[in-house]
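**Q** Listed here are the chains, written in short residue letters.
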Amino acid sequence: MSEQKKYMTLNMGPQHPATHGVLKVILELEGEVIHRAIPVIGHLHRGVEKLGESKTYIQNIVYTDRLDYTSAMINNLAYCLAVEKLMNIEVPERAKVIRVIMSELSRIAAHLIWLATHALDIGAMTLYFYCFREREKILDMWEMVSGQRLTPSYIRIGGLLADLPEGFMDKLKEFVDTFDAHVDEYDKLLSKNPIWLARTKDIGIISAEDAISWGLTGPALRGSGVKFDYRKAQPYCGYEEYEFDVPVGSKGDNYDRYLVRMEELRQSNRILKQAIKRLPEGPIKAHVPEIVFPDKDLVLKNIEALIHQFKIGCGGFTVPKGEVYASVENAKGELGFYIVSDGSSMPYRFRIKSSCFVNLSALPEIVKGSMIADVVAVIGSIDIVLGEIDR
Amino acid sequence: MIDWSLVIFTFVKVVVVFACVMLCVAYLTWIERKVIGHIQIRVGPMYAGWHGLLQPIADGIKLFFKEDIIPRNANKFLFILAPTLSIIPALMTFAVIPFGDYTTFFGLLKNPEPMRIAELNVGILYIFALAGLGSYGVVFGGWSANNKYALMGALRGSAQMISYELALTLSVIGVIMISGSLNLVEIVNAQKNVWNVVYQPVAFIMYLICGIAELNRTPFDMPEAESELVAGFHADYSSMKFAMFFMAEYANMITVASLATTLFLGGWHGPFLPPLVWFMIKVFILIFFFIWVRATYPRVRFDQLMKLGWKVMVPIALANIFVTGLVMMLLN
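Protein sequences appear in the order of chains A and B. Using our numbering, the first residue of the first sequence is number 1, and each one after it goes up by one. Using our numbering, the first residue of the second sequence is number 1, and each one after it goes up by one.
Heads up, a few of these hints could be off.
Pairs of lysine to aspartate or glutamate, DMTMM-like flavour, derived with a Cα cap of 25 Å [to be verified]: (1) A/LYS277 with A/ASP184; (2) A/LYS24 with A/GLU49; (3) B/LYS307 with A/ASP163; (4) A/LYS273 with A/GLU93; (5) A/LYS273 with A/ASP342; (6) A/LYS277 with A/GLU241; (7) B/LYS148 with A/GLU365; (8) A/LYS277 with A/GLU365; (9) B/LYS148 with A/GLU32; (10) A/LYS232 with A/GLU263; (11) A/LYS232 with A/GLU243; (12) A/LYS188 with B/GLU165; (13) A/LYS201 with B/GLU32; (14) A/LYS251 with A/GLU240; (15) A/LYS137 with A/GLU209; (16) A/LYS85 with A/GLU53; (17) B/LYS148 with A/GLU53; (18) A/LYS321 with A/GLU28; (19) A/LYS6 with B/ASP303; (20) B/LYS307 with A/ASP202; (21) B/LYS148 with A/GLU174; (22) A/LYS227 with A/ASP202; (23) A/LYS55 with A/ASP342; (24) A/LYS368 with A/ASP210; (25) B/LYS311 with A/GLU30; (26) A/LYS251 with B/GLU32; (27) B/LYS307 with B/GLU165; (28) A/LYS232 with A/GLU209; (29) A/LYS277 with A/GLU304; (30) A/LYS192 with B/GLU165; (31) A/LYS368 with B/ASP303; (32) A/LYS5 with B/GLU165; (33) B/LYS307 with A/GLU32; (34) A/LYS201 with A/GLU185; (35) A/LYS273 with A/ASP245; (36) B/LYS311 with A/GLU240; (37) B/LYS311 with A/ASP202; (38) A/LYS6 with A/GLU32; (39) A/LYS273 with A/ASP163.
Hint data in this document are derived by calculation from the structure and do not stem from the laboratory.
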């Protein structure tokens with residue numbers, strides 16, 4: 001007869017300050033050491049994928065905003081790229097560059113939230129406010145282009161919602177010029193801090209092989225030393241024309257993932273600088289009248305344009321039969337959309353491949369045998385957003 | 001025959017010190033919020049009164065009228081006892097702290113009165129004994145609530161306080177050896193010319209580190225650790241019971257700062273300004289330091305904290321005592 005060991009069960013979440021939303025982790029503890037961790041998801045399930053089947057292709061854009069709400073623009077982009085691929089639409093050059101600008105701004109915005117909350121989880125609360133100071137500027141820029149701060153829906157099928165407003169480029173240039181100094185500031189607060197090193201180094205290790213077999217993507221994968229980035233591996237929006245490095249870690253611990261994201265902040269800024277120089281004049285929408293809204297000033301003056309807008313707005317447009325998968329490098333990893341079209345104006349099937357979901361699945365393996373405080377640090381380090389996990 | 005004048009004087013002094021300490025505790029919350037606010041590019045409380053000066057009073061009134069919740073499965077007796085056990089020792093320590101030398105209150109009194117409630121010949125022991133009692137508040141509070149997070153907080157708290165109390169006590173032994181007394185007043189008087197921090201720099205730094213650990217403040221705020229244990233031992237407390245834990249924490253902060261001032265920074269000694277003012281200046285510089293540390297550092301992990309306590313702090317403290325003894329012997 002074997003004596004069964006008894007563990008203390010601790011429900012971490014769904015209302016816990018450090019689980020980044022409504023994640024629940026059931027911890028089986030032996031003292032403070034974790035014997036088993038079981039993530040429980042679904043508290044934020046909204047049925048986005050099912051809803052997508054009863055909405056037109058245009059209406060679906062707003063649902064993508066609400067996936068990873070820290071970097072909404074990239075989600076718009078991933079979805080629009082999938083539909084454009086299915087319909088074989090080529091977007092004009094100016095729109096492409098603006099899309100790159102917006103995705104890199106989203107990446108910075110998302111990484112700033114990651115840094116803020118990761119530091120806060122480990123107890124350094126001041127950095128939180130410094131990060132949000134910078135993020136605020138990005139949100140202001142998004143508000144300028146779309147009128148929305150968190151859910152811009154700015155990137156549309158066939159192009160963009162509208163051209164960049166006056167004053168946007170000045171604001172962007174100012175942001176880009178000052179941002180590197182701010183990253184150095186964050187660096188100074190954390191990177192060599194002995195307590196920070198003690199809390200992140202050699203903690204939450206996942207090896208390169210494990211990371212690949214778990215299917216991790218994004219900084220969580222690159223932290224383990226695998227050089228894989230969709231912007232390089234499968235370029236979209238002309239990413240192949242930009243110069244940037246893909247930072248990788250070596251051990252795959254919290255500190256490596258931290259360094260990778262810090263470097264990505266700088267690299268994103270580098271891409272932004274190039275994009276500002278590159279930005280050409282020209283149209284921002286593809287010339288495909290049956291799917292692209294007419295210009296707003298035309299709609300206000302011209303009855304045909306008004307009818308045109310009304311037609312697309314109400315009924316949407318039909319998409320040729322077929323299926324497509326397109327993915328982008330989101331701040332957290334691969335964000336992919338799989339769309340099956342039956343030839344109508346709504347998708348027959350609408351599936352989302354979320355990197356957060358995949359990355360979270362490795363959590364039990366990573367935190368096994370570590371302490372309670374490490375669970376919080378690892379959740380912060382693999383950087384999840386529940387909006388994308390639960391969909 | 002009872003000396004009534006002594007009784008009345010002591011009573012008045014107790015009331016005055018109590019009132020001042022409570023006022024300081026209340027305004028320490030305001031100072032902490034303001035200082036951290038400005039460090040974090042915010043402004044802190046602004047609405048209640050001029051620059052939020054009435055905020056502590058507003059908070060007090062709010063907490064007073066909050067519903068007092070006792071969890072159904074809690075051990076009611078211990079649950080009520082815990083906050084009391086926290087705050088009473090925290091306030092009792094002020095009985096022996098020397099705020100200043102003799103004073104006549106601008107000539108109001110015929111005989112100069114000492115600016116302290118009691119002069120105890122084992123003052124340091126008394127304070128450490130009370131600090132030890134205070135940790136029962138954390139343990140009972142966490143255990144009685146019947147909540148796992150609170151229990152973990154209490155376990156961490158008791159382990160941390162016991163280990164750091166040891167290092168804290170060992171760190172001041174050097175001072176005691178130099179001044180040859182446990183009496184706080186005599187220790188201050190011995191520093192008239194040179195502050196103890198000059199003789200005992202290592203002990204001073206260790207005292208500050210262990211003091212922060214003893215106070216359960218960042219980077220050693222294990223029992224609370226809001227991102228791990230939500231609020232730790234006081235997770236289930238509300239209303240005035242919660243406020244009492246808070247007041248105890250801030251009162252302890254003043255105690256640790258006062259004791260550091262007394263033991264290492266020459267107490268009330270200083271040129272030009274009155275003794276009490278010097279004492280307050282030193283205490284508030286130390287308190288600012290505690291707040292600054294809180295705003296800057298991340299939190300260490302529990303096992304790292306214990307390792308630091310037993311494997312670094314205690315050996316260094318012992319070495320410090322040894323070196324102090326050796327030097328004193330050689331100089332004599």
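**Q** Each hint needs a verdict: does it hold in this structure or not?
**A** For each hint, the structure was consulted:
1. A/LYS277 with A/ASP184: OK: A/LYS277 and A/ASP184 at ~24 Å, within 25 Å.
2. A/LYS24 with A/GLU49: Roughly 22 Å separates the two Cα atoms, so the pair holds.
3. B/LYS307 with A/ASP163: At roughly 59 Å apart (the allowed maximum being 25 Å), A/ASP163 and B/LYS307 break the hint.
4. A/LYS273 with A/GLU93: 17 Å, holds
5. A/LYS273 with A/ASP342: 42 Å, violated
6. A/LYS277 with A/GLU241: Answer holds: A/LYS277 to A/GLU241 is near 13 Å, not above 25 Å.
7. B/LYS148 with A/GLU365: 24 Å, holds
8. A/LYS277 with A/GLU365: 45 Å, violated
9. B/LYS148 with A/GLU32: 12 Å, holds
10. A/LYS232 with A/GLU263: Within the cut-off at roughly 16 Å; holds.
11. A/LYS232 with A/GLU243: Status holds; Cα separation ~10 Å.
12. A/LYS188 with B/GLU165: Judged against 25 Å, a Cα distance of about 33 Å means the pair is violated.
13. A/LYS201 with B/GLU32: 31 Å, violated
14. A/LYS251 with A/GLU240: Roughly 28 Å between the alpha carbons, so the hint for A/LYS251 and A/GLU240 is violated.
15. A/LYS137 with A/GLU209: Violated, at roughly 39 Å.
16. A/LYS85 with A/GLU53: 18 Å, holds
17. B/LYS148 with A/GLU53: Judged against 25 Å, a Cα distance of about 44 Å means the pair is violated.
18. A/LYS321 with A/GLU28: Given that 25 Å is the threshold and the Cα spacing comes to 49 Å, the pair is violated.
19. A/LYS6 with B/ASP303: At roughly 22 Å apart (the allowed maximum being 25 Å), B/ASP303 and A/LYS6 satisfy the hint.
20. B/LYS307 with A/ASP202: Roughly 17 Å between the alpha carbons, so the hint for B/LYS307 and A/ASP202 holds.
21. B/LYS148 with A/GLU174: Judged against 25 Å, a Cα distance of about 50 Å means the pair is violated.
22. A/LYS227 with A/ASP202: Between A/LYS227 and A/ASP202 the Cα gap is close to 20 Å, so the pair holds against 25 Å.
23. A/LYS55 with A/ASP342: 14 Å, holds
24. A/LYS368 with A/ASP210: Holds, at about 14 Å.
25. B/LYS311 with A/GLU30: 24 Å, holds
26. A/LYS251 with B/GLU32: Not OK: A/LYS251 and B/GLU32 at ~39 Å, beyond 25 Å, violated.
27. B/LYS307 with B/GLU165: 14 Å, holds
28. A/LYS232 with A/GLU209: Answer holds: A/LYS232 to A/GLU209 is near 21 Å, not above 25 Å.
29. A/LYS277 with A/GLU304: Not satisfied, since the Cα-Cα distance of roughly 38 Å exceeds 25 Å.
30. A/LYS192 with B/GLU165: 29 Å, violated
31. A/LYS368 with B/ASP303: Holds, at roughly 16 Å.
32. A/LYS5 with B/GLU165: 34 Å, violated
33. B/LYS307 with A/GLU32: Holds, because 15 Å separates the two Cα atoms, which is no more than 25 Å.
34. A/LYS201 with A/GLU185: Holds, at about 21 Å.
35. A/LYS273 with A/ASP245: 14 Å, holds
36. B/LYS311 with A/GLU240: 54 Å, violated
37. B/LYS311 with A/ASP202: Holds. B/LYS311 to A/ASP202 sits at ~20 Å (cutoff 25 Å).
38. A/LYS6 with A/GLU32: Status holds; Cα separation ~14 Å.
39. A/LYS273 with A/ASP163: OK: A/LYS273 and A/ASP163 at ~19 Å, within 25 Å.
When the structure is compared with the earlier hints, violations turn up for hints 3, 5, 8, 12, 13, 14, 15, 17, 18, 21, 26, 29, 30, 32, 36 and for no others.
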